[in-house]
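Build the full structure now, drawing on both the sequences and the hints.
So the sequences go chain by chain: A and B. At position 199 of the first sequence the residue is numbered 199 (our numbering), and the sequence of numbers has no breaks. If you want our numbering, it's the position in the second sequence, counting the first as 1, plus 1000.
In case anyone wonders, no lab produced these hints; they're calculated from the structure. Note that beta-carbon positions come from the ideal geometry of N, C-alpha and C, so glycine has one too. Don't take each hint at face value.
Said to hold, decoys possible - Label-pair distances were calculated between CB atoms; the ranges are: (1) 1065/B / 171/A: 54 to 60 Å; (2) 1068/B / 7/A: 29 to 35 Å; (3) 1041/B / 200/A: 45 to 51 Å; (4) 1013/B / 205/A: 30 to 36 Å; (5) 205/A / 1062/B: 27 to 33 Å.
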Amino acid sequence: MLTFSVWLYHVLLLAYPASFRKRFGAEMAQVFRSVCEAAYAETGAAGVVRLWPSVVWDGVWAALFQWWLWLLKGRLPVLQPNPIDQQDGNSPLTAWQAGIAVLPFLAFGASSLVSRWDFLNTARLPFWQILLTHPHLVFNWLVLIGLGAGVLAGFPRWTYSFLGWALFFVWWWKDMGFYGYASDWRIGLPLLAVFAVTLLIRRSWQPLRTLLAGLWRDWTLLALGIYILYTSVTMLYDENHSPFLLIFIVATTLAVSLGAWGYFRLRVPLLRVLALMGGIGLTAIISAINNTTWDYRAYYGLPESAQNVNLIGLVFFIVLSLFMLAIGVLAHWRQRRPSRLKEI
Amino acid sequence: MDPDLLKRLPLSPAAFCILLALKEGEKHGYGILREVAEQSQGAVKLLPGTLYNLLKRMLDDGWIEELDRPSAPKEDERRRYYRLTGIGEKVVGLEAERLAGLVRAARRRGLLARRGQA
Chain A
1 MLTFSVWLYH
11 VLLLAYPASF
21 RKRFGAEMAQ
31 VFRSVCEAAY
41 AETGAAGVVR
51 LWPSVVWDGV
61 WAALFQWWLW
71 LLKGRLPVLQ
81 PNPIDQQDGN
91 SPLTAWQAGI
101 AVLPFLAFGA
111 SSLVSRWDFL
121 NTARLPFWQI
131 LLTHPHLVFN
141 WLVLIGLGAG
151 VLAGFPRWTY
161 SFLGWALFFV
171 WWWKDMGFYG
181 YASDWRIGLP
191 LLAVFAVTLL
201 IRRSWQPLRT
211 LLAGLWRDWT
221 LLALGIYILY
231 TSVTMLYDEN
241 HSPFLLIFIV
251 ATTLAVSLGA
261 WGYFRLRVPL
271 LRVLALMGGI
281 GLTAIISAIN
291 NTTWDYRAYY
301 GLPESAQNVN
311 LIGLVFFIVL
321 SLFMLAIGVL
331 AHWRQRRPSR
341 LKEI
Chain B
1001 MDPDLLKRLP
1011 LSPAAFCILL
1021 ALKEGEKHGY
1031 GILREVAEQS
1041 QGAVKLLPGT
1051 LYNLLKRMLD
1061 DGWIEELDRP
1071 SAPKEDERRR
1081 YYRLTGIGEK
1091 VVGLEAERLA
1101 GLVRAARRRG
1111 LLARRGQA
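See below:
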């Protein structure tokens, strides 16, 4: 009985972080054996059995607490704010951090891809199941989890990507019909809840201060916001029924993610915006290939005059590019200005 | 009084009992556990998870230290001994003073028998 209990306790110890287990595991098992022996001496095997519920409860809570400390103490350095970035708010992210920043772009592309599979498009599911299975809603939950992790970590710069996508989603879904249901302003409540819960856990306004300070220090974040808005439309391929649609979605997602990755990896503001514009340029090329290989006018039975839509799209593209370029130039000029003053 | 230490008060009953147990002298994990149960008359029952969570935190904060001594003969080699540091003594003293103040307040309000009374 005692041997089995101690063996079982060793299994429970596996729930702790390895570093904690390595340092205290043997001692804990030894103390547990002593506790078991005392219980056995007092009331026999029944005493040991009665001990177990509280041991499991104690072990699970203690293990969760240790994991929490493990996360907070920066054992996942990739999630932590870059120390240099905290100083100037403009430093390029490491490759891993940029990879995290790109995750929402990839996730949105994936959700766009999955939503095209008809077997998921069913109204027969209960509401709560739809909340957990609708591709775009799943995307939103993942983004909110990432945003929450970012706020808990003190709002490192990759968190802006998650915040941008979360805000986009609220705007996009504020009056969306889905599977026989309709969403409203309450779609924004999970986002508010994430901020409320994470700030309560941290018991500090520091992540919010970092968020606002970062927005002021790095004007190119506005360009990133526009990029998210624009590229979300391109990744959706709404009303598009090209026979190669899935390939186009994948290609566009990769192009968009590449632009975002470049944005987070580059130091010079102008180059950052140019990386985003490069991403938009690539999506435009892919979109053009899509248009030439699939005749939407024939598909929808539209007249030839519908070609004018392309002209409107071209004008919009040019205006958008110029606006983003202007942001890049302004941010670039702003970053260089203090050094000029120093020279004077 | 050290303001940084005061910020750490009040201690949880378990943390206070552990420090109190170590005030009597160095102890290993199970020794602490037994002493805590005894001094609290069974009100605080520690199990290994909570005990070592608190011990780890106290080690990190420098309130206790691990004793660098070989295990006595016949004693389990896995046993490690802990003792209070100077900071730990200050913390447990401050907490005891805080609790004594509460007890005095309770006594003034007639919730406890005065000294010398039954």
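Here's how the hints hold up against the structure:
1. 1065/B / 171/A: 54 to 60 Å: holds (56 Å)
2. 1068/B / 7/A: 29 to 35 Å: holds (31 Å)
3. 1041/B / 200/A: 45 to 51 Å: 36 Å Cβ-Cβ, so the 45 to 51 Å window is violated.
4. 1013/B / 205/A: 30 to 36 Å: Roughly 32 Å apart at Cβ, these two residues keep to the hinted range, so it holds.
5. 205/A / 1062/B: 27 to 33 Å: holds (29 Å)
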